[in-house]
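J.: Sequence:
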Amino acid sequence: MKTPSFAMVARAAARAADDKKARDVKLFDVRRSSTLADYFVLATVDSGPSPRLSRRKSSSK
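Numbering-wise (this note's numbering), the sequence shown opens with residue 111 and increments by one.
Simulated from the structure, these hints should not be mistaken for laboratory data.
On a predicted model such as this, the values are computed, not experimentally measured, just so you know.
Cβ atoms here follow ideal geometry from the backbone N, Cα and C, with glycine treated the same way.
It is possible that some hints are incorrect.
Below 20 Å or equal to it, Euclidean Cα-Cα: the simulated EDC-like pairs (lysine to aspartate or glutamate) are [unchecked claim]: (1) K136 to D148; (2) K131 to D156; (3) K136 to D156; (4) K130 to D156.
Computed beta-carbon distance windows for the label pairs [as the list claims (entries may be wrong)]: (5) D156 to T113: 31 to 37 Å; (6) K112 to S157: 34 to 40 Å; (7) S157 to S115: 30 to 36 Å; (8) A117 to D156: 24 to 30 Å; (9) K112 to D134: 27 to 33 Å.
I would like the entire structure built from these sequences, with the hints used as guidance.
T.: Here is the structure:
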């Protein structure tokens, strides 16, 4: 099986957050400006169970 690229994993995480009702989902390519990460996914979620569900779903991808 082919190992997914970091870009594919980042897109899957962004889609998972969107699927779980996160808003303003943004995917940033920071490869040129960060040694910490290649991509950042930012999203807005309401308080309550939504943040936990979004985080759990996107981290399981």
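J.: Now look at each hint and say whether the structure bears it out.
T.: Hint by hint, here is what the structure shows:
1. K136 to D148: 14 Å, holds
2. K131 to D156: Holds - the C-alpha atoms of D156 and K131 are around 9 Å apart, at most 20 Å.
3. K136 to D156: 16 Å, holds
4. K130 to D156: 11 Å, holds
5. D156 to T113: 31 to 37 Å: 35 Å, holds
6. K112 to S157: 34 to 40 Å: 39 Å, holds
7. S157 to S115: 30 to 36 Å: 34 Å, holds
8. A117 to D156: 24 to 30 Å: 28 Å, holds
9. K112 to D134: 27 to 33 Å: With a Cβ separation near 31 Å, K112 and D134 satisfy 27 to 33 Å, so the hint holds.
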